[in-house]
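> Letter by letter, the chains look like this.
Protein chains: 2
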Amino acid sequence: MHALNETHDPQLRSWVAAANAPDADFPIQNLPLAVFRRRGSNEPWRGGVAIGDRIVDLAAADRAQVFDGAAGEAVRAGAQDSLNALMALGAPASSALRLALSRALRDGAAQRGALEPCLVPQSEAEYALPARIGDYTDFYTSVHHATNIGRQFRPDNPLLPNYKWVPIGYHGRASSVMASPHSFRRPQGQSMAPGATQPQLGPSKRLDIELELGIFIGAGNAAGEPIAITEAEEHVFGICLLNDWSARDIQAWEYQPLGPFLSKNFATTISPWIVTLEALAPYRMPLDRPAGDPQPLPYLDTPANRESGAFDIQLQVELQTPRMRETGQPGAQLCRTSYRHAYWTVAQMVTHHTVNGCNLQPGDLFGSGTLSGPTPGEAGALAELTEGGKKPVQLPGGETRSFLEDGDTVVLRGWCEKPGAARIGFGECVGTVLPART
Amino acid sequence: MHALNETHDPQLRSWVAAANAPDADFPIQNLPLAVFRRRGSNEPWRGGVAIGDRIVDLAAADRAQVFDGAAGEAVRAGAQDSLNALMALGAPASSALRLALSRALRDGAAQRGALEPCLVPQSEAEYALPARIGDYTDFYTSVHHATNIGRQFRPDNPLLPNYKWVPIGYHGRASSVMASPHSFRRPQGQSMAPGATQPQLGPSKRLDIELELGIFIGAGNAAGEPIAITEAEEHVFGICLLNDWSARDIQAWEYQPLGPFLSKNFATTISPWIVTLEALAPYRMPLDRPAGDPQPLPYLDTPANRESGAFDIQLQVELQTPRMRETGQPGAQLCRTSYRHAYWTVAQMVTHHTVNGCNLQPGDLFGSGTLSGPTPGEAGALAELTEGGKKPVQLPGGETRSFLEDGDTVVLRGWCEKPGAARIGFGECVGTVLPART
Numbered sequence: 001m002h003a004l005n006e007t008h009d010p011q012l013r014s015w016v017a018a019a020n021a022p023d024a025d026f027p028i029q030n031l032p033l034a035v036f037r038r039r040g041s042n043e044p045w046r047g048g049v050a051i052g053d054r055i056v057d058l059a060a061a062d063r064a065q066v067f068d069g070a071a072g073e074a075v076r077a078g079a080q081d082s083l084n085a086l087m088a089l090g091a092p093a094s095s096a097l098r099l100a101l102s103r104a105l106r107d108g109a110a111q112r113g114a115l116e117p118c119l120v121p122q123s124e125a126e127y128a129l130p131a132r133i134g135d136y137t138d139f140y141t142s143v144h145h146a147t148n149i150g151r152q153f154r155p156d157n158p159l160l161p162n163y164k165w166v167p168i169g170y171h172g173r174a175s176s177v178m179a180s181p182h183s184f185r186r187p188q189g190q191s192m193a194p195g196a197t198q199p200q201l202g203p204s205k206r207l208d209i210e211l212e213l214g215i216f217i218g219a220g221n222a223a224g225e226p227i228a229i230t231e232a233e234e235h236v237f238g239i240c241l242l243n244d245w246s247a248r249d250i251q252a253w254e255y256q257p258l259g260p261f262l263s264k265n266f267a268t269t270i271s272p273w274i275v276t277l278e279a280l281a282p283y284r285m286p287l288d289r290p291a292g293d294p295q296p297l298p299y300l301d302t303p304a305n306r307e308s309g310a311f312d313i314q315l316q317v318e319l320q321t322p323r324m325r326e327t328g329q330p331g332a333q334l335c336r337t338s339y340r341h342a343y344w345t346v347a348q349m350v351t352h353h354t355v356n357g358c359n360l361q362p363g364d365l366f367g368s369g370t371l372s373g374p375t376p377g378e379a380g381a382l383a384e385l386t387e388g389g390k391k392p393v394q395l396p397g398g399e400t401r402s403f404l405e406d407g408d409t410v411v412l413r414g415w416c417e418k419p420g421a422a423r424i425g426f427g428e429c430v431g432t433v434l435p436a437r438t
Numbered sequence: 001m002h003a004l005n006e007t008h009d010p011q012l013r014s015w016v017a018a019a020n021a022p023d024a025d026f027p028i029q030n031l032p033l034a035v036f037r038r039r040g041s042n043e044p045w046r047g048g049v050a051i052g053d054r055i056v057d058l059a060a061a062d063r064a065q066v067f068d069g070a071a072g073e074a075v076r077a078g079a080q081d082s083l084n085a086l087m088a089l090g091a092p093a094s095s096a097l098r099l100a101l102s103r104a105l106r107d108g109a110a111q112r113g114a115l116e117p118c119l120v121p122q123s124e125a126e127y128a129l130p131a132r133i134g135d136y137t138d139f140y141t142s143v144h145h146a147t148n149i150g151r152q153f154r155p156d157n158p159l160l161p162n163y164k165w166v167p168i169g170y171h172g173r174a175s176s177v178m179a180s181p182h183s184f185r186r187p188q189g190q191s192m193a194p195g196a197t198q199p200q201l202g203p204s205k206r207l208d209i210e211l212e213l214g215i216f217i218g219a220g221n222a223a224g225e226p227i228a229i230t231e232a233e234e235h236v237f238g239i240c241l242l243n244d245w246s247a248r249d250i251q252a253w254e255y256q257p258l259g260p261f262l263s264k265n266f267a268t269t270i271s272p273w274i275v276t277l278e279a280l281a282p283y284r285m286p287l288d289r290p291a292g293d294p295q296p297l298p299y300l301d302t303p304a305n306r307e308s309g310a311f312d313i314q315l316q317v318e319l320q321t322p323r324m325r326e327t328g329q330p331g332a333q334l335c336r337t338s339y340r341h342a343y344w345t346v347a348q349m350v351t352h353h354t355v356n357g358c359n360l361q362p363g364d365l366f367g368s369g370t371l372s373g374p375t376p377g378e379a380g381a382l383a384e385l386t387e388g389g390k391k392p393v394q395l396p397g398g399e400t401r402s403f404l405e406d407g408d409t410v411v412l413r414g415w416c417e418k419p420g421a422a423r424i425g426f427g428e429c430v431g432t433v434l435p436a437r438t
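Here the protein sequences line up with chains A and B, keeping their order.
When we follow UniProt numbering, the leftmost residue of the first sequence carries the number 1, and every step to the right adds one.
When we follow UniProt numbering, the leftmost residue of the second sequence carries the number 1, and every step to the right adds one.
Bound-form chain A, shown alone (with noise of 0.2 angstroms):
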């Protein structure tokens, strides 16, 4: 696990003047990396770092040798057209780009001089999606949502008796994973109505949003050698937003035996800047287990992921309808949580993804889960938030949703903050419903 160094000390100021505003999502002590170009150009995709409205483009600032060593090696890797030769670096080759950017930024900084024509401005910058994803894997880490989907799926048997067990994950869809901001068509699928003796062809009725994060793991392992809770961050890059899109009415029909399918894949949205784990290191929280509950195996259980484990990372979805965006108003929110209440941490998900030998390679992604917190407003999904479509959600001007309606755009922001500590925040994860294809 990282320790707090110099990096995170909340009196770091930098020279690019936006990053010292106190509501600022990238001051120094954030330091996110995206792939980016100008927005409309033909110009090379490439990595970057956000730094208050500003983005080092780590293919300048290899081109002028702003940086040697490690962090140069780094700087180097992160200039091509994805992260992934970055995130095979691993974790100590993310901490040295860290630490001499967070220098080379500073007030006073020696390197300024070299590195503020590597600045592109992020009002000019237009996102790939960070890495190429070999492999995206969706887990369950909220026993909240867990519960409350369960209900819906299986009002008898909501919880499973593995869930206290198995942190419980699936494969998704990478190749449907895309770069905010998305728009996507509302899918087509198969669904059965209530008392129809067979299944409709149609576009999907009820069109949902999973609240998750996304973890993008660094360095991989080889087939055949599982990774040990005690090393399962340092194969961790990053974390960024995700929406998991989803369609209940092809789920519903769909999902058994084998799981989710077309339900989740037609579309997949994740924010452009990747948060790294160090970064968030003083937002740590012990894990929320709670005290009947059984312990967790030994292979998943050790007490640094008890005592500090989890990460406070604040949540809020917001939606903005047509009509709001016709008459000027501002987006209404749906729901604000944080990822602390999650029942199984990232360590624990990387080591028993592995725990059979399965090989993770750098670039691959996991979702979170929907990351539903214990009350009602802090549910992560419509489906949860209306109790299935039962109880439209009530917006401002008089508008309700059960579920999304075509023209919805949906706004994902995930920020950490807390007295004593520099704000690290997300940025946001958009994504739009355009109508089905006719």
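In short, the hints are calculated from the structure, not lab data.
These numbers come from a predicted model, not from an experiment.
Some clues are possibly wrong.
Just so you know, same-sequence chains aren't split out, so a pair can sit in one copy or run between any two.
The list that follows gives simulated cross-link-like pairs (lysine to any residue, SDA-like), each with its CA atoms no further than 20 angstroms apart [as the list claims (entries may be wrong)]:
1) K418 with A3
2) K164 with G195
3) K164 with M192
4) K164 with S308
5) K205 with K390
6) K205 with Y299
7) K164 with Q198
8) K418 with S338
9) K164 with A252
10) K164 with A196
11) K164 with Q200
12) K418 with P282
13) K205 with S183
14) K391 with R401
15) K205 with F184
Add chain B to chain A, keeping to what the hints say.
Just chain B now, kept in the frame of chain A:
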């Protein structure tokens, strides 16, 4: 669908003598593709086409400029270290390559002099995965397997109500798909013993095979753009053998509610050679869908699919135990069946997978699901052959097997044959179980 043409003529003979043997897997009517190099060498991996006991080295054929036009372009794409570029060119490119190779490899072909130096003996070759697999999807297309295995997991409810409407599938793990021959460690995992109050971690005690075919996607589709069933086969590159190794004890404990995960993702083995759909054209069959069953929804139904959507591919599973190897005995046949018994066709899989707009990419892999036939001896998994381990298989020499033991080697074989058509072989898919990591 590919029509019969001059490349299917059973009278064709090759100047590669071994291709003309009546039991050859790779006669001139087959021409399957793989990625290979000389065994133990540092040569670059490149595409190759099997002919008899030789491989046409596509990189060498490209350098020698043996082919021009569309076939030359296909050879150039196939000369790379994976077949993804050739797959992306689509079915017309594969057809052009097949026709050109068929003509150049025939008795008396003018190109013999140019092509013969491009041949490498199969006995000297080793194989890589034929493609970078972006996503791997495993289907469940044998109603016999679904019923047999469903009876063990859900005795009261073996075949779920969606089965005859939905080509059930789920996402599998791409990173752990490996080319034959493949050795892998017995996986560790959580399982819940009968009567136990808590699960335990340990090596799987119920390690199984799954006899499947693998289907490689050629030209992909853009996100949001479904592939109609009339176009589906144009997006298929070809078919190989696939063993979807499965840990039944891990599966039983983990699979609810999101499907199999660690019970499957430790290892999947595929045969190196991909047989094109065009080569299989003589072996098309009517779809085996019982008269009383519901007709598929229109998006999954065409006369062509009903009348010739299936393929009569003979399949065999052989087990070689360590004792058989020590005593010089041949392996024992565990099962014999045919792909003709599948309930859903290749075209239906492609169309269903994309009906929601999910994007397929060149090199994506589908598994057919375990291809059990209607009778007990046609079951493609030990869990079925032994009724969940209760009736061990009796092997020659007095050995028995409920599930796989350390050192066991499993060989899948596939071939098509009938009077009036050339034999089309798939070669072998070989995997060996190593002891669990200690």
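> So which hints don't hold here, by number, going up?
Checked against the structure, no hint fails, so every one of them is satisfied.
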